[in-house]
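Participant: One line per chain: the protein sequences are A and B, in this order. Position one of the first sequence corresponds to residue 420 (the working numbering), numbered consecutively onward. Position one of the second sequence corresponds to residue 420 (the working numbering), numbered consecutively onward.
Everything labelled a hint here was simulated from the structure, so no lab data went into it. On a predicted model such as this, the values are computed, not experimentally measured, just so you know. There's no promise every hint is true.
With a cut-off of at most 16 Å between alpha-carbon atoms, the simulated EDC-like pairs for lysine to aspartate or glutamate come out as follows [what the hints assert, rightly or not]:
#, chain 1, residue 1, chain 2, residue 2
1, A, Lys872, A, Glu533
2, A, Lys469, B, Asp475
3, A, Lys479, B, Glu468
4, B, Lys910, B, Glu618
5, A, Lys535, B, Glu578
6, B, Lys894, B, Glu826
7, B, Lys520, A, Glu505
8, B, Lys718, B, Glu847
9, B, Lys520, A, Glu510
10, B, Lys526, A, Glu734
11, B, Lys758, A, Glu480
12, B, Lys878, B, Glu851
13, A, Lys509, B, Glu505
14, A, Lys910, A, Asp823
15, B, Lys520, A, Asp502
16, A, Lys429, A, Glu637
17, A, Lys509, B, Asp531
18, A, Lys520, B, Asp522
19, B, Lys469, A, Asp522
20, B, Lys526, A, Asp710
21, B, Lys894, B, Glu851
22, B, Lys509, A, Glu510
23, B, Lys509, A, Glu505
24, A, Lys520, B, Glu510
25, B, Lys469, A, Glu533
26, B, Lys509, A, Asp531
27, B, Lys520, A, Glu538
28, B, Lys535, A, Glu510
29, A, Lys805, A, Asp789
30, B, Lys602, B, Glu644
31, B, Lys910, B, Glu876
There are 2 protein chains.
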Amino acid sequence: MAKELKELTKRSEDYSQWYLDLVLKADLAENSAVRGCMVIKPYGYAIWEKVQRQLDDMFKETGHVNAYFPLFIPKSFLSKEADHVEGFAKECAVVTHYRLKNDPDGKGVVVDPEAKLEEELIVRPTSETIIWNTYRGWIQSYRDLPILCNQWANVVRWEMRTRLFLRTAEFLWQEGHTAHATKDEAEIEARKMLDVYAEFAENHMALPVIKGVKSANERFAGAVETYTIEAMMQDGKALQSGTSHFLGQNFAKAFDVKFTDKDGKQDYVWATSWGVSTRLIGALIMAHSDDNGLVLPPKLAPYQVVIVPIYRSAEQLAEIDTKVAGIVTALKNLGISVKYDNADNKKPGWKFSEYELKGVPVRLAMGGRDLENNTIEVARRDTLTKETVSCDNIDVYIKNLLNDIQENIYKKALDTRTSRTISVDTYEEFKEKIETGVFIMAHWDGTSETEEKIKAETKATIRCIPLDGDKTPGKCMVTGNPSAQRVVFAKAY
Amino acid sequence: MAKELKELTKRSEDYSQWYLDLVLKADLAENSAVRGCMVIKPYGYAIWEKVQRQLDDMFKETGHVNAYFPLFIPKSFLSKEADHVEGFAKECAVVTHYRLKNDPDGKGVVVDPEAKLEEELIVRPTSETIIWNTYRGWIQSYRDLPILCNQWANVVRWEMRTRLFLRTAEFLWQEGHTAHATKDEAEIEARKMLDVYAEFAENHMALPVIKGVKSANERFAGAVETYTIEAMMQDGKALQSGTSHFLGQNFAKAFDVKFTDKDGKQDYVWATSWGVSTRLIGALIMAHSDDNGLVLPPKLAPYQVVIVPIYRSAEQLAEIDTKVAGIVTALKNLGISVKYDNADNKKPGWKFSEYELKGVPVRLAMGGRDLENNTIEVARRDTLTKETVSCDNIDVYIKNLLNDIQENIYKKALDTRTSRTISVDTYEEFKEKIETGVFIMAHWDGTSETEEKIKAETKATIRCIPLDGDKTPGKCMVTGNPSAQRVVFAKAY
Numbered sequence: 420m421a422k423e424l425k426e427l428t429k430r431s432e433d434y435s436q437w438y439l440d441l442v443l444k445a446d447l448a449e450n451s452a453v454r455g456c457m458v459i460k461p462y463g464y465a466i467w468e469k470v471q472r473q474l475d476d477m478f479k480e481t482g483h484v485n486a487y488f489p490l491f492i493p494k495s496f497l498s499k500e501a502d503h504v505e506g507f508a509k510e511c512a513v514v515t516h517y518r519l520k521n522d523p524d525g526k527g528v529v530v531d532p533e534a535k536l537e538e539e540l541i542v543r544p545t546s547e548t549i550i551w552n553t554y555r556g557w558i559q560s561y562r563d564l565p566i567l568c569n570q571w572a573n574v575v576r577w578e579m580r581t582r583l584f585l586r587t588a589e590f591l592w593q594e595g596h597t598a599h600a601t602k603d604e605a606e607i608e609a610r611k612m613l614d615v616y617a618e619f620a621e622n623h624m625a626l627p628v629i630k631g632v633k634s635a636n637e638r639f640a641g642a643v644e645t646y647t648i649e650a651m652m653q654d655g656k657a658l659q660s661g662t663s664h665f666l667g668q669n670f671a672k673a674f675d676v677k678f679t680d681k682d683g684k685q686d687y688v689w690a691t692s693w694g695v696s697t698r699l700i701g702a703l704i705m706a707h708s709d710d711n712g713l714v715l716p717p718k719l720a721p722y723q724v725v726i727v728p729i730y731r732s733a734e735q736l737a738e739i740d741t742k743v744a745g746i747v748t749a750l751k752n753l754g755i756s757v758k759y760d761n762a763d764n765k766k767p768g769w770k771f772s773e774y775e776l777k778g779v780p781v782r783l784a785m786g787g788r789d790l791e792n793n794t795i796e797v798a799r800r801d802t803l804t805k806e807t808v809s810c811d812n813i814d815v816y817i818k819n820l821l822n823d824i825q826e827n828i829y830k831k832a833l834d835t836r837t838s839r840t841i842s843v844d845t846y847e848e849f850k851e852k853i854e855t856g857v858f859i860m861a862h863w864d865g866t867s868e869t870e871e872k873i874k875a876e877t878k879a880t881i882r883c884i885p886l887d888g889d890k891t892p893g894k895c896m897v898t899g900n901p902s903a904q905r906v907v908f909a910k911a912y
Numbered sequence: 420m421a422k423e424l425k426e427l428t429k430r431s432e433d434y435s436q437w438y439l440d441l442v443l444k445a446d447l448a449e450n451s452a453v454r455g456c457m458v459i460k461p462y463g464y465a466i467w468e469k470v471q472r473q474l475d476d477m478f479k480e481t482g483h484v485n486a487y488f489p490l491f492i493p494k495s496f497l498s499k500e501a502d503h504v505e506g507f508a509k510e511c512a513v514v515t516h517y518r519l520k521n522d523p524d525g526k527g528v529v530v531d532p533e534a535k536l537e538e539e540l541i542v543r544p545t546s547e548t549i550i551w552n553t554y555r556g557w558i559q560s561y562r563d564l565p566i567l568c569n570q571w572a573n574v575v576r577w578e579m580r581t582r583l584f585l586r587t588a589e590f591l592w593q594e595g596h597t598a599h600a601t602k603d604e605a606e607i608e609a610r611k612m613l614d615v616y617a618e619f620a621e622n623h624m625a626l627p628v629i630k631g632v633k634s635a636n637e638r639f640a641g642a643v644e645t646y647t648i649e650a651m652m653q654d655g656k657a658l659q660s661g662t663s664h665f666l667g668q669n670f671a672k673a674f675d676v677k678f679t680d681k682d683g684k685q686d687y688v689w690a691t692s693w694g695v696s697t698r699l700i701g702a703l704i705m706a707h708s709d710d711n712g713l714v715l716p717p718k719l720a721p722y723q724v725v726i727v728p729i730y731r732s733a734e735q736l737a738e739i740d741t742k743v744a745g746i747v748t749a750l751k752n753l754g755i756s757v758k759y760d761n762a763d764n765k766k767p768g769w770k771f772s773e774y775e776l777k778g779v780p781v782r783l784a785m786g787g788r789d790l791e792n793n794t795i796e797v798a799r800r801d802t803l804t805k806e807t808v809s810c811d812n813i814d815v816y817i818k819n820l821l822n823d824i825q826e827n828i829y830k831k832a833l834d835t836r837t838s839r840t841i842s843v844d845t846y847e848e849f850k851e852k853i854e855t856g857v858f859i860m861a862h863w864d865g866t867s868e869t870e871e872k873i874k875a876e877t878k879a880t881i882r883c884i885p886l887d888g889d890k891t892p893g894k895c896m897v898t899g900n901p902s903a904q905r906v907v908f909a910k911a912y
């Protein structure tokens, strides 16, 4: 029965169902009683904590500080920036009252009509408006700049079609909001944070990403330029994994935030914002996992090593306990997180498949023969291979192995992307190939019309105009008009 | 001008205004455009991060894990536990719609009447209901217990009279929610978390607290027993600093959460919940600070040491820079957080008063004579005393000094509380003394009627029935009826 419970739909049969099975069965998250809102379960949240800790360190190393701004935004704020309201008013939770009262007709409670707010409040879908309204009070002179704030928070967007981690009505994220004296400085900041995100994705999530610029259609509502990192999932679809926006003076103008420069002249302040969310956990799952369960890169695994004893008697278990205690200490001394599971109400086979499902990078098993031989069985989650090694210097061995696994998971994802990225020059070929789950590098004339036509006919979007790589000009595959460089097309989550 | 900006109202003149001045001028927090919601500024948030990190470590050491539950609670959930709805329905933010649309009569946006929710959602004032509704799916058997979850989150209570940190409509907190197979185990858990809170308050916040039980009037809505830690502020008022609730089977019954025990019998699950909030920062400020600004205990100070150079020339500054660099490294190697402020646009005097205002525990200053003599000036924030010491072994000297400061701040707060805690036996004396800002240990007959009479006539409440200390019975100071032990009365924040 335990085995059936853990069985997943195969990726090859139904990729979407495989993903959902995995999120539920690996105890990462589940749907809640509130439509579109998820419960992040302890194992899923432990991954988020690893993500948070690492990103937070990186933000602080680049000079940022954390702060906290209100959950609620006065309705009128949303409409101060013209594009912003178009982007966010359509999907927001609106607070209209501040009290309930007993239902006069029976039991239960009803909204008290007398407790109606004068102005409705929006649950933040993103915080540019409330933050720039606050920054007005913080900024008078160039001496007050730059402001480099980040916030870890929950936000709400009333999505109609939701999927655990990937798209939920409420999600957790960080949002950086910076204010600068010059356009240059703000542009550099927006690019710097894109690099931070790319470094995090590649070095910690083991997720190769393409850094690029969004087309006008896909730009953040209120931004002058949106930078993005785009990753490929195992089905060849793209997942936007982080964005960094150069906001120009749009929000400063909307909220009248001016400063006096060194020469005594007044100007509007320049802005950026940037964010990543719990969506990253969806990316992590979809990029690396397999039909047996999660595959977690060691740097983000809640625990990196699990040790399972295999014993025939209480005496033998006691001997193994003693032997393992030394190994646990040695591993911890090298900064490796480890769990020793000697619980006696589950069999080793059950534990093996459990930790496979949960994506623990390395599983060690010790039995009677290992005790005699001073050996231990080492199983890698990423390759599903096993070997028996000496217990001497096992700590250093495991440390190196974890590095290998981290690299291998990255390499595998990179190989997948390389093998599924193609260049296409005709729209006919594009329409055929895009159905096979690939990133297509193609020329585009730079217009929204052409982009919309392609999207309408193929459901593929321009994921980004890459910052690095081939910049050879050419001709748009649809219109034949000039194209500055190939851009990345894909279907996307 | 800088000096005036930093000047605070004196505590002796107007304690409330002093507090507000300090919160604003030390850049801890400010009011936002949304009534009752605060902006936590970077310096204030940095203190909260220290609080979070420490508490989170302590929760994990005691076996807890973090998770995340939805922001929204269906309205019907609130009324499932009879006492709970009475306590929380009166002050909650209600989401009734999920979309805005362009105002047909002009610019701006209005609520779209067609996007009305079938059931209104409440922004969580606390999460017992949504969590116990979730736990129903997690618990079948005794093997699924205990569940030891904590959540770091924002909550909203529509308070009419708010004060930065102490009482705000939105605040940040952690809420632990545990599920147990037996009454005993749940009671032990509730007491254990009270001890964790008390240890944190005393050892990290340098805040002596009284551990006790709340009277029925002051109990959490839905709890069988509420445990509390109560601290004294410098005006002699009490501040409830953390609570831990034994919830019995109330929420399990309300949400039908049963489990099968080892003998195959079904029973409702036993529960606790416990929380502390950003209110702790208000306590920290009010307990220790003085007319010059914040006084922060070293364990929670965003930086523990600031170093200010005093120089007459660029050459001299360069020499000081070099000398200080070695000290900074030595301090950091001992785990001490340090900021070297050699910014040239502010004078040393300005910096001194700035860091005094911000409560940095130790300020070091180095000038030309110090260079010659291999000395440095050491100023303590808690005692406002200075001395000149040798640079040799300055790291160890500072480490010991920080320990001394931590202890001294605690001792000072304890002395204040001791000198302002009195025993009283008659209600006449009680009414007179309670106006002087004291904790009064008095006998009470255990009835809500007597407690309410005292509150109505004096504004003092029973802060707690202490768990430790004198348990001698006596007679109620109001009714003369028997009293099991003295309880703590005070006016409270």
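Participant: Under the constraints set out in the numbered hints, which ones does this structure not fulfil?
Facilitator: 1, 4, 6, 8, 10, 13, 14, 16, 18, 19, 20, 21, 22, 23 and 25
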